[in-house]
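J.: Here are the chains, one letter per residue:
There are 2 protein chains.
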Amino acid sequence: MAERVNKNNGKIPEPTLRRLPWYLSNAKLMKERGERYVSSTQISRQINIDASQIAKDLSYVNIAGRTRVGYEIDRLVSVLEDFLGFTNMHRAYLFGVGSLGGALLRDSGLSHFGLKIVGAFDVNPELVGTEINGIPIYHTDEFEERTEKDKVKIGVLTVPINIAQEITDKMVAGGIKAVWNFTPFRIRVPETIVVQNTSLYAHLAVMFNRLNELVKK
Amino acid sequence: MAERVNKNNGKIPEPTLRRLPWYLSNAKLMKERGERYVSSTQISRQINIDASQIAKDLSYVNIAGRTRVGYEIDRLVSVLEDFLGFTNMHRAYLFGVGSLGGALLRDSGLSHFGLKIVGAFDVNPELVGTEINGIPIYHTDEFEERTEKDKVKIGVLTVPINIAQEITDKMVAGGIKAVWNFTPFRIRVPETIVVQNTSLYAHLAVMFNRLNELVKK
Chain U
1 MAERVNKNNG KIPEPTLRRL PWYLSNAKLM KERGERYVSS TQISRQINID ASQIAKDLSY
61 VNIAGRTRVG YEIDRLVSVL EDFLGFTNMH RAYLFGVGSL GGALLRDSGL SHFGLKIVGA
121 FDVNPELVGT EINGIPIYHT DEFEERTEKD KVKIGVLTVP INIAQEITDK MVAGGIKAVW
181 NFTPFRIRVP ETIVVQNTSL YAHLAVMFNR LNELVKK
Chain V
1 MAERVNKNNG KIPEPTLRRL PWYLSNAKLM KERGERYVSS TQISRQINID ASQIAKDLSY
61 VNIAGRTRVG YEIDRLVSVL EDFLGFTNMH RAYLFGVGSL GGALLRDSGL SHFGLKIVGA
121 FDVNPELVGT EINGIPIYHT DEFEERTEKD KVKIGVLTVP INIAQEITDK MVAGGIKAVW
181 NFTPFRIRVP ETIVVQNTSL YAHLAVMFNR LNELVKK
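Protein sequence lines, in the order shown, are assigned to chains U and V. Just so we're aligned: 174 in my numbering is position 174 of the first sequence, and the numbers increase by one with no gaps anywhere. Just so we're aligned: 100 in my numbering is position 100 of the second sequence, and the numbers increase by one with no gaps anywhere.
Just so you know, not all the hints are guaranteed correct.
What the hints assert, rightly or not - When the alpha-carbon atoms are kept at most 30 Å apart in a straight line, the in silico DSSO-like pairs for lysine-lysine are as follows:
1) U:K28 - V:K177
2) U:K170 - V:K151
3) U:K216 - V:K170
4) U:K151 - U:K11
5) U:K11 - U:K28
6) V:K28 - V:K11
7) V:K56 - V:K31
8) U:K170 - V:K170
9) U:K216 - V:K56
10) V:K31 - U:K216
11) V:K216 - V:K177
What the hints assert, rightly or not - Which residues of chain V face chain U? A partial, calculated answer using Cβ under 8 Å:
12) P13
13) N62
14) L84
15) T87
16) L104
17) L200
Because the hints were derived from the structure by calculation, they are not lab data. Where is the CB? At the ideal position from N, CA and C, for every residue including glycine.
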């Protein structure tokens, strides 16, 4: 896989960032099995990525492999968890407690990877004032006031598409620096704001399409 | 954005497939607002993608724009929904009713995009025999027997990483043709099997990293 690696600007390429969690889960698994060392060749065999790519990816992380022995697994796990931000708790708000939003509030797995949703916002009077999984649901109008106190930097966007932009603008005005966008809507933000798009529906579309091609063959 | 487009093999590029849902949600929104026609230039302005890229992407879909008027919105919506597979109901099984698996079972939004989870599998005796959101939970051992009757082609993978490969092998042996992998584990499958990776944790890692860079500046 050809890839532009530019160490000088200190920015780690997104494909690398997306592969690191694979190495982490692989290392965790080997740790569970009682292994102490792992080489990039071994990881390569298990997850089917070029060993040289793995070594290159891991060169961004503060860990050195030893010739013939490889990486110390304990250290690999902790360095990767740390590097990926899973050991720091990042507080977040969620906007839009619909079907997907509610599901994410109930997914306590996120907190094992460093994301703690500390509050949710909606306008539905049946939801406002209640909580899901211990997370309080506030009226959207309360956001400004809340955020001044909480100083939350991450917003999870799970609102209907017709208000996705409006709520995004509100978030940004209130000091949110990163938006995790689960809507299939392409939101616009100022350049300094981080957007991570995770459209389950776009992924579904890719999967359906590939599946249809398979059936046609 | 440079992109290799190869119409001859009939395979639509993944970046295009990922952008089409953006055009769809945009068209739905304009339809709600009472608009009848939209041009690629208008879409471009709203979602910040090159108009020529949009026209190229839409050329894969069975719709023609009219000079000066653009695409008929009603038709654009229905053609895109159809093309993306959202109008056909695709039945699926879910494997692993943990925190994320349970959340996905509760997310009835998936069915609006063509995915109907008709059964879930787990080994937890407290879950087996119960249902979530009307979806029955079976013991994993019942999968072979069930799939012979149900002929389900899609499997949603939300098990712990230490059994991700084992369950994948089981799915494939039972006739599953597409695996929607939510685990951070890189599963291995035969070449003819479709894998769609949606690791929320990998997306989180990318977001945390970008956010940290921002703070450093």
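J.: Each hint should be assessed against the structure and marked as holding or not.
T.: Evaluated hints:
About 28 Å separates the Cα atoms of K28 of chain U and K177 of chain V, which keeps this hinted pair within 30 Å; it holds. Among the hinted pairs, K170 of chain U with K151 of chain V is inconsistent with the structure: their alpha-carbon atoms are about 46 Å apart, more than 30 Å. Proximity of K216 of chain U to K170 of chain V is assessed by CA-CA distance (about 24 Å); at most 30 Å being required, the pair is judged to hold. With a C-alpha separation of about 26 Å, the suggested pair K151 of chain U and K11 of chain U falls inside the 30 Å cut-off, and the hint holds.
For the proposed pair K11 of chain U and K28 of chain U, the alpha carbon gap of about 26 Å is at most 30 Å, so the pair holds. The hinted pair formed by K28 of chain V and K11 of chain V meets the criterion: a straight-line CA distance of about 26 Å does not exceed 30 Å. Between K56 of chain V and K31 of chain V the CA atoms are separated by roughly 22 Å; this keeps the pair inside 30 Å, and the hint holds. As the CA atoms of K170 of chain U and K170 of chain V are separated by approximately 47 Å, the hinted pair breaks the 30 Å bound.
Of the supplied pair hints, the one linking K216 of chain U and K56 of chain V holds, its CA atoms being roughly 24 Å apart against a limit of 30 Å. Restraint check for K31 of chain V and K216 of chain U: not satisfied, since their Cα atoms lie roughly 33 Å apart, outside the 30 Å limit. For the suggested pair K216 of chain V and K177 of chain V, the alpha carbons sit about 45 Å apart, so the restraint of at most 30 Å is broken. Checking P13 of chain V against chain U: minimum C-beta separation of about 10 Å lies over 8 Å; hint violated.
With a least beta-carbon distance of about 14 Å to chain U, the hint placing N62 of chain V at the interface is violated under the 8 Å criterion. For L84 of chain V, the suggested interface contact is upheld, since its CB lies about 4 Å from the closest CB of chain U, less than 8 Å. The closest approach between the C-beta of T87 of chain V and any C-beta of chain U is roughly 10 Å, which is over the 8 Å cut-off, so the hint fails. Interface restraint check: L104 of chain V against chain U, minimum CB-CB distance 7 Å, threshold 8 Å, status holds.
For L200 of chain V, the suggested interface contact is upheld, since its CB lies about 7 Å from the closest CB of chain U, less than 8 Å.
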